[in-house]
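Student: Each chain, written out:
4 protein chains.
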Amino acid sequence: MDDVFVLGGEKFASRLIMGTGGAPSLEVLDQALAASGTELTTVAMRRLDPASQGSVLDVLRARDIRVLPNTAGCYTAGEAVLTARLAREALGTDWVKLEVIADERTLLPDPIETFDAAERLVADGFTVLPYIGDDPILARRLEQAGCAAVMPLGAPIGSGLGVRNPHNIELIVESAQVPVILDAGIGTASDAALAMELGCDAVLLATAVTRARRPELMAAAMRDAVGAGRRARLAGRIPRRRYAEASSPARDRSDPMGG
Amino acid sequence: MDDVFVLGGEKFASRLIMGTGGAPSLEVLDQALAASGTELTTVAMRRLDPASQGSVLDVLRARDIRVLPNTAGCYTAGEAVLTARLAREALGTDWVKLEVIADERTLLPDPIETFDAAERLVADGFTVLPYIGDDPILARRLEQAGCAAVMPLGAPIGSGLGVRNPHNIELIVESAQVPVILDAGIGTASDAALAMELGCDAVLLATAVTRARRPELMAAAMRDAVGAGRRARLAGRIPRRRYAEASSPARDRSDPMGG
Amino acid sequence: MDDVFVLGGEKFASRLIMGTGGAPSLEVLDQALAASGTELTTVAMRRLDPASQGSVLDVLRARDIRVLPNTAGCYTAGEAVLTARLAREALGTDWVKLEVIADERTLLPDPIETFDAAERLVADGFTVLPYIGDDPILARRLEQAGCAAVMPLGAPIGSGLGVRNPHNIELIVESAQVPVILDAGIGTASDAALAMELGCDAVLLATAVTRARRPELMAAAMRDAVGAGRRARLAGRIPRRRYAEASSPARDRSDPMGG
Amino acid sequence: MDDVFVLGGEKFASRLIMGTGGAPSLEVLDQALAASGTELTTVAMRRLDPASQGSVLDVLRARDIRVLPNTAGCYTAGEAVLTARLAREALGTDWVKLEVIADERTLLPDPIETFDAAERLVADGFTVLPYIGDDPILARRLEQAGCAAVMPLGAPIGSGLGVRNPHNIELIVESAQVPVILDAGIGTASDAALAMELGCDAVLLATAVTRARRPELMAAAMRDAVGAGRRARLAGRIPRRRYAEASSPARDRSDPMGG
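Chains as they are written, first to last, in my numbering: chain F, 1 to 259; chain A, 1001 to 1259; chain U, 2001 to 2259; chain P, 3001 to 3259.
The shape of chain F in the complex, shown without the other chains (with noise of 0.2 Å):
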């Protein structure tokens, strides 16, 4: 399938892109990224050591992975444009995902900030990539103020509960001319599956598949949730109806496509 997911100017085949928390070790998550086919994976600056050995860092490297530095664990907009600049100078990449978080209790993202630092990042040459509520003025605003897409949530961070306002998403969607990427909240394949299916660019997720008991079968099944997600949007669904509409109304028994 042609189909190219573009971010930021460059292409990738993979529309899921993974986080790395969770995982119960370096090789469970090795694994787990093989499966999902992602080629870029969100890492938390703040809680990296980037000269360390033995790091996620590494097992990204090896697989060929972009990495995506987040400003996970900010609380301000002071600290998130401060954290960018620290992963822009360790990792060499301008590009950030950028989270300022209101409390430990929902690790909900807080607008008025995440804005204030948006505009500064935007304005110090970052490609800037916000994580947000579903608030479709939000994200129209992070748009206008040259954000290189939005991420909307889909529910709060490991809660598992999926798409929590699928109007909403397809507010986003409508309006947005930025790629518009599902972050958070994913519990489950059909989670995914549905984010894509309502427009979404792309899907982010991390504990769904490293807290999964299996979690190199849950990055397999997501990595095809996602693919079948979008393949439904571009194919076209039917209309939902009220009543029946009987699979084949044709009624003579000479009907060559039968039943």
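Honestly, I wouldn't trust all of these hints.
Derived contacts from chain U toward chain A, CB cut-off under 10 Å, selection only [claimed, not checked]:
| # | residue |
| --- | --- |
| 1 | L2086 |
| 2 | A2102 |
| 3 | E2104 |
| 4 | T2106 |
| 5 | P2111 |
| 6 | I2132 |
| 7 | R2141 |
| 8 | H2167 |
| 9 | N2168 |
Residues of chain F clear of chain U, computed beta-carbon distances all greater than 12 Å [claimed, not checked]:
| # | residue |
| --- | --- |
| 10 | D2 |
| 11 | F12 |
| 12 | A34 |
| 13 | G37 |
| 14 | R61 |
| 15 | G78 |
| 16 | E79 |
| 17 | E89 |
| 18 | T93 |
| 19 | D94 |
| 20 | V122 |
| 21 | A123 |
| 22 | A176 |
If you want a taste of the chain P side facing chain F, the calculated C-beta under 8 Å gives, among others [to be verified]:
| # | residue |
| --- | --- |
| 23 | G3078 |
| 24 | A3102 |
| 25 | T3106 |
| 26 | L3108 |
| 27 | I3112 |
| 28 | D3135 |
| 29 | P3136 |
| 30 | R3141 |
| 31 | L3161 |
| 32 | N3165 |
| 33 | H3167 |
It should be emphasised that the hints constitute simulated quantities derived from the structure, not laboratory data.
Backbone N, C-alpha and C fix where the C-beta goes; we use that ideal spot for every residue, glycine too.
Fit chains A, U and P to the supplied structure of chain F, relying on the hints for placement.
Tutor: Frame of chain F; chains A, U and P shown alone:
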């Protein structure tokens, strides 16, 4: 994956059962069946002339896809039993997808007639696969009556409404000793994945593919979605949580797992 | 409001039918029944000694609430028919809420036994009110068999899950010529309002009130919710829209309707 | 019931706040307001001529309903602040329902402009009641900024889609120290009851009543639904259970609780 689907003593690698109704042409149907990877396809006996050339049966034979005759168009137990016997004679199989429909508008199955017909067909040596509503007790009674599987609907035929009552499907799965095949109502890929995640052994669909804007592409989506849902079921999804769980609870910078 | 509920030829001002199970004491039950405004309450024959003093029957007589005996605890058509006859003799009523349960764990009704018992009880002159799943076709068959109402569940007894499949309840309502009473599954006030908005003629509930933390207060909530749902149904709700519609499209300052 | 709703230091017996838009005539509006029992009604300043006769203000004055001016029609913080000041001067109240809308099609609120305007209006001594999306963190930030309540939407204005994301409303309620008023999206009575059950302190609606087929009857339905939802919240609902719980676990015939 060594995950074989056993139905009526036969083994199948694919868990996607196709119907043939609704396709705009035999050629489109043929392409869709190929893309779906199905190994078992149901055909309405009452709309079929087994002796004719260029029928759907030729397509199935050419693809080496097993034919499952159904009794679509029957409104009473008597009609369904008669139709099953004609199918056995014409097609040389004692498998039958038992459909006894109550009316044209909803195409919903009649539980009383279906149960009556199932008892008679089991007594007559058929491998009976009854299409039913999502009533967990009716499913159990049909299993006790000797049916080889139960085929609850997700929603009315052709409605594309997906799995309307996941709770009932879960109750059916928990209690069933025979395969549970989700039949009718599937609209898009995530519906099929969800059905498998709920524990169904297979999914049957027709119009979701044949009446999609691009049937072949939707068939491929369904193939992957069924596989993804099955893998997700086996992989053991994370629990749903009200609150967040950080994907990276470890906070020290030297954490080798990064983010 | 001149909106009378007619059931079995009798008129009721209240559309809330209560069950009596689950109350911590007769006194609490009495207060809850009073607060509910109910005029019809169902009592399980198999757990009742009609001759005893201080029973639930005394409470109902003192409040002038009509008794509707039910066959809870019956597992076969034969048991249910026998229990209905005992009730007729003991209580002097030919009304019976027909319950034929399949198992202890789900308390789900058995469609085959229920249909069998309903036919026998109708033939024996009873006013039969059968408790069933939410299968639209079974509801229709029971109406055709002469039942005076149909009582589909919203969800399993005591589950508090509300109306699991509103689509099925709507299909039942559209087709029924007899009253449709939503029975079982109600957890809170909005569930009861929704059932009425879907077009049900009445709601039956027990544990949602008797096992609430404050039964009397919940009974008052249910009374108002059933009334609110009924009025909303009659008032003709606005259509659902994907997009906004301003409540004040007029824009000139002199608009007398303000905002 | 001694359950008073306190907003901005004022006490209200009714928890239903009405809007005035959408009514076919002042007479219909008057009847609907009376039937709703509301004590507080919002009016769009930009569409109002306070000096005119026969306006909505006369209706409210005659019914002794408190006026809550709103800034509907404003697209920037600056416009909203100006409109609030005009309202204060014209109507002699420092209460303002703050609306800063992003576009005509969705009428969704702009979180950035709203937050900016709220800070300015609080500094200027207003009692600020901001209309927002259902973002729990934005709600918290507005409370921290000194707003007297938060008014998250259930769904877009006029959509009638109800509470799209109950999980977010629950998160807002759990964290808020100021009243939470569900604003926008209500379509029917059960939506209003649900909002109150989720813990909202009040509900604001307009078109659900004014554009219903029978506005006065729907207003009465909403009055009862808000009361029912509030009582159900206070009464402490039963937990949701996967399986049944018999309403009558006691099984001996001498059980005084009957069935």
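Student: Each of the hints needs a verdict: does it hold here or not?
Tutor: Results for each hint:
1. The restraint placing U/L2086 at the interface with chain A is violated, with a minimum CB-CB distance near 25 Å, outside the 10 Å limit.
2. With a cut of 10 Å, the hint placing U/A2102 at the interface with chain A holds, because the nearest CB-to-CB distance is about 4 Å.
3. The beta carbon of U/E2104 comes no nearer than 13 Å to any beta carbon in chain A, farther than 10 Å, and the hint placing it at the interface is violated.
4. Given the 10 Å rule on beta carbons, the hint for U/T2106 holds: about 6 Å separates it from the nearest Cβ of chain A.
5. Interface restraint check for U/P2111: the shortest CB-CB distance to chain A comes to about 5 Å, inside 10 Å, so the restraint holds.
6. At its closest, the beta carbon of U/I2132 sits 9 Å from a beta carbon of chain A; the interface hint therefore holds under the 10 Å criterion.
7. For U/R2141, the interface hint holds, since its Cβ comes within 10 Å of a Cβ in chain A; the closest pair sits about 6 Å apart.
8. Here the hint on U/H2167 is kept, as its CB sits about 6 Å from the closest CB of chain A, short of 10 Å.
9. At its closest, the beta carbon of U/N2168 sits 7 Å from a beta carbon of chain A; the interface hint therefore holds under the 10 Å criterion.
10. For F/D2, the shortest C-beta to C-beta distance to chain U comes to about 31 Å, beyond the 12 Å cut-off, and the non-interface label holds.
11. Listed as a non-interface residue, F/F12 keeps its Cβ farther than 12 Å from every Cβ of chain U; the least gap is roughly 31 Å.
12. Distance check for F/A34 against chain U: the nearest CB is about 40 Å away, which clears 12 Å, and the non-interface claim stands.
13. Every CB of chain U lies more than 12 Å from the CB of F/G37, the least distance being 34 Å, so the non-interface label holds.
14. Every CB of chain U lies more than 12 Å from the CB of F/R61, the least distance being 46 Å, so the non-interface label holds.
15. Every CB of chain U lies more than 12 Å from the CB of F/G78, the least distance being 36 Å, so the non-interface label holds.
16. A cut-off of 12 Å between C-beta atoms confirms that F/E79 is not in contact with chain U; the least separation is 36 Å.
17. With a cut of 12 Å on Cβ distances, F/E89 stays outside the contact zone with chain U, its closest approach being about 45 Å.
18. Every CB of chain U lies more than 12 Å from the CB of F/T93, the least distance being 39 Å, so the non-interface label holds.
19. Distance to chain U confirms F/D94 as a non-interface residue, since its nearest Cβ pair spans about 37 Å, more than 12 Å.
20. Annotated as non-interface, F/V122 keeps its C-beta farther than 12 Å from every C-beta of chain U; the closest such distance is 30 Å.
21. Remark: the non-interface label on F/A123 is consistent with the geometry, its nearest Cβ contact in chain U lying 33 Å away (cut-off 12 Å).
22. Non-interface status of F/A176 relative to chain U is upheld: no Cβ of that chain comes within 12 Å, the nearest being about 16 Å off.
23. Restraint check, P/G3078 versus chain F: the minimum CB separation of about 16 Å is more than 8 Å; hint violated.
24. Below 8 Å, beta-carbon pairs count as interface contacts, and P/A3102 has one with chain F at about 4 Å; its hint therefore holds.
25. For P/T3106, the interface hint holds, the least distance from its beta-carbon to any beta-carbon of chain F being 6 Å, beneath 8 Å.
26. Because the closest C-beta pair between P/L3108 and chain F is about 5 Å apart, less than 8 Å, the hint holds.
27. Here the hint on P/I3112 is kept, as its CB sits about 6 Å from the closest CB of chain F, short of 8 Å.
28. Because the smallest distance between the Cβ of P/D3135 and any Cβ of chain F comes to about 5 Å, under 8 Å, the interface hint for this residue holds.
29. With a cut of 8 Å, the hint placing P/P3136 at the interface with chain F holds, because the nearest CB-to-CB distance is about 6 Å.
30. The interface hint given for P/R3141 is met, as the beta carbon of that residue sits about 6 Å from the closest beta carbon of chain F, less than 8 Å.
31. Taking 8 Å as the C-beta cut-off, the interface hint given for P/L3161 holds, the closest approach to chain F being about 7 Å.
32. A hinted interface residue such as P/N3165 counts as satisfied when its beta carbon comes closer than 8 Å to some beta carbon of chain F; here the least separation is about 4 Å, so the hint holds.
33. Because the beta carbon of P/H3167 sits about 6 Å from the nearest beta carbon in chain F, less than 8 Å, this interface hint is met.
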